[in-house]
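J.: Sequence lines, in order, name chains Z and D. Taking my numbering as reference, the numbering of the first sequence is continuous, increasing by one, and the terminal residue is 314. Taking my numbering as reference, the numbering of the second sequence is continuous, increasing by one, and the terminal residue is 314.
No wet-lab data here; the hints were simulated from the structure. Just so it is clear, the structure is predicted and the values come from calculations on it, not from any experiment. Where a beta carbon is used, it is the ideal one built from N, C-alpha and C, also for glycine. Any given hint might turn out to be false.
[What the hints assert, rightly or not] Covered stretches of chain D (chain Z as the covering partner; in silico rule of three or more C-beta atoms under 8 Å from a C-beta of chain Z):
(1) 72-83
(2) 166-177
(3) 209-219
(4) 222-228
(5) 243-257
[Unchecked claim] Partner residues aside, some chain D positions facing chain Z, computed with beta carbon under 8 Å:
(6) N12
(7) C156
(8) A157
(9) E160
(10) H163
(11) N274
(12) P278
(13) P291
Number of protein chains: 2
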Amino acid sequence: MYYLGIDLGGTNIAVGLVNEELALVCKDSLPTPATDPVAIADTMAVLCRRLLKKEGLSFDDVAYAGIACPGIVNRASGEVIYANNINFDHFPLAHLLCERMPLKAVYLENDANAAALGEAKAGGARGTKNSVMITLGTGVGGGIIIDGKVYMGFNCAGGELGHMVIQKDGRPCTCGRRGCFEAYSSATGLVRMTQEKMEARPDSLMHELVRRHGKVSGRTAFDAERAGDEAGAEVVAEYVSYLACGISNLINIFQPEALVIGGGVCNEKENLLNRLYPIVRREAYGGGRVPATELRIAELGNDAGIIGAACLGL
Amino acid sequence: MYYLGIDLGGTNIAVGLVNEELALVCKDSLPTPATDPVAIADTMAVLCRRLLKKEGLSFDDVAYAGIACPGIVNRASGEVIYANNINFDHFPLAHLLCERMPLKAVYLENDANAAALGEAKAGGARGTKNSVMITLGTGVGGGIIIDGKVYMGFNCAGGELGHMVIQKDGRPCTCGRRGCFEAYSSATGLVRMTQEKMEARPDSLMHELVRRHGKVSGRTAFDAERAGDEAGAEVVAEYVSYLACGISNLINIFQPEALVIGGGVCNEKENLLNRLYPIVRREAYGGGRVPATELRIAELGNDAGIIGAACLGL
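Start from the sequences and build out the full structure, keeping to the hints where you can.
T.: Pasting the structure below:
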């Protein structure tokens with residue numbers, strides 16, 4: 001039996017076929033017709049049929065399809081309640097997909113939650129029952145897995161881990177609050193910290209790196225530090241201190257077996273973990289008296305949404 | 001059938017007999033022999049027998065006993081791993097209680113978690129499946145109820161909601177971190193804010209109130225504000241802004257049906273809720289698009305631990 005996993009992004013719709021070992025057999029994608037929700041369902045159906053055909057499979061071989069979608073979704077009704085980037089308002093996406101294909105079931109989940117489920121079932125938190133995932137991208141996405149299932153709160157809007165204030169009255173966040181975890185620990189936050197330090201330190205190697213690569217990125221400060229640049233090291237230390245603060249909060253709240261970190265900043269892998277661990281071990285409650293949460297780097301990369309969506313009916 | 005609920009505090013051990021309607025039939029207490037864990041088990045047994053005798057019941061009428069205990073407990077093994085105020089180190093409390101009385105089962109839970117369960121089953125969050133409780137006392141206790149059960153993390157140390165940093169590098173907390181929710185929103189935090197404002201404002205009515213009542217308390221600033229004192233109003237506004245910040249964080253993470261607030265500050269009841277709601281409604285994610293978490297005042301008072309303990313085996 002196979003599972004269809006659909007990841008609806010603001011730019012592309014990606015669909016994957018996942019087998020019972022939760023391995024991604026094949027995937028395909030098309031641009032998202034973002035202004036037309038019905039065309040989104042049409043595009044999803046085109047991609048699903050194309051993949052099945054390519055593998056010589058039929059819908060009889062598919063247990064269900066899962067959709068990972070931005071915004072707030074109603075899992076029970078299969079509706080997208082609201083999505084910031086796409087024109088959804090109480091849109092019955094699961095139902096429309098069922099109309100277009102002979103599927104036994106369609107499940108819908110928020111994309112950050114689906115990614116957390118994917119990492120919990122087949123990625124960095126594989127083998128755990130309780131895990132938390134944060135994705136450090138444009139924002140900070142969050143997903144909570146409890147007893148192997150996505151926790152989303154009574155109104156399906158829970159798990160907004162990026163919108164936990166860690167610096168009251170601090171930096172403005174896109175959500176309207178000030179001082180959110182996301183305002184500091186997202187890739188966007190890191191780029192802004194880097195830019196501010198560059199303005200203050202015209203001597204920094206970071207200026208040369210930016211000329212070479214064309215723009216400030218989440219790598220700039222890390223690369224500069226590796227080359228011995230003091231200003232770069234200061235940016236990395238500041239960024240890591242905020243990231244560790246938010247992670248320690250999540251550990252004190254959830255004490256999950258694993259906390260998975262995803263997003264581009266994770267390309268730093270062990271370099272990032274080795275900086276986080278000493279702070280987190282010191283700040284997490286019960287230190288030394290109880291087994292400690294493991295910090296893990298996400299393993300599924302851009303496929304976390306597809307694979308997580310494909311796990312929704314397990 | 002009846003349930004025995006035992007609340008082990010630093011000062012007293014309180015035991016209650018709870019009926020199937022989850023009403024407290026009767027209770028009794030004795031001082032905690034804090035330096036001797038075995039004497040604690042003996043005292044619990046004395047109290048249990050005394051209550052049953054008083055009501056003309058036998059152990060056949062008791063389904064189980066539950067213990068609410070400070071510190072970190074291992075629910076599975078029935079051990080108290082560690083408690084700050086009492087001399088426990090991997091102490092098999094549930095086992096010792098079983099040895100002293102013919103009980104069918106003994107359950108053990110952290111006291112803040114048990115209080116959250118009590119409020120969820122028989123108090124302020126009655127009728128909900130997912131709720132979060134914070135108790136504003138010497139510290140800020142926290143409890144998370146998911147699907148009607150206590151969530152405690154893989155190592156039994158979760159739910160330390162008071163040790164979520166809301167002001168990075170802020171006020172020192174007893175846990176070793178800086179800027180914890182507890183450092184601002186506990187009764188202790190409120191008293192300290194009050195004292196600081198009094199030092200800055202020798203003209204404040206709060207000085208007169210403190211002379212009258214003998215000490216600064218969590219009521220001082222609220223009472224002063226009611227009497228028209230500006231400095232008192234400033235303390236209340238500052239306190240509420242920190243409390244609302246932490247509560248908004250917990251809503252963005254959990255989106256529980258109800259968030260229950262317990263502890264002495266809750267004597268302010270509607271006055272407190274009416275101040276919190278406007279801030280929390282503005283800061284909670286998804287505002288207006290999804291049903292909102294209700295803020296509720298705890299209803300069980302000092303009996304929350306007893307009643308919660310009595311609910312542990314439900």
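J.: Hint by hint, say whether it matches the structure.
T.: Cross-check of the supplied hints:
no., hint, verdict
1, 72-83, "holds (count 3)"
2, 166-177, "holds (count 7)"
3, 209-219, "violated (count 0)"
4, 222-228, "violated (count 0)"
5, 243-257, "holds (count 9)"
6, N12, "violated, 25 Å"
7, C156, "holds, 7 Å"
8, A157, "holds, 4 Å"
9, E160, "holds, 4 Å"
10, H163, "holds, 5 Å"
11, N274, "violated, 21 Å"
12, P278, "violated, 14 Å"
13, P291, "holds, 5 Å"
Hint compliance for this structure: hints 3, 4, 6, 11 and 12 are broken, all remaining hints hold.
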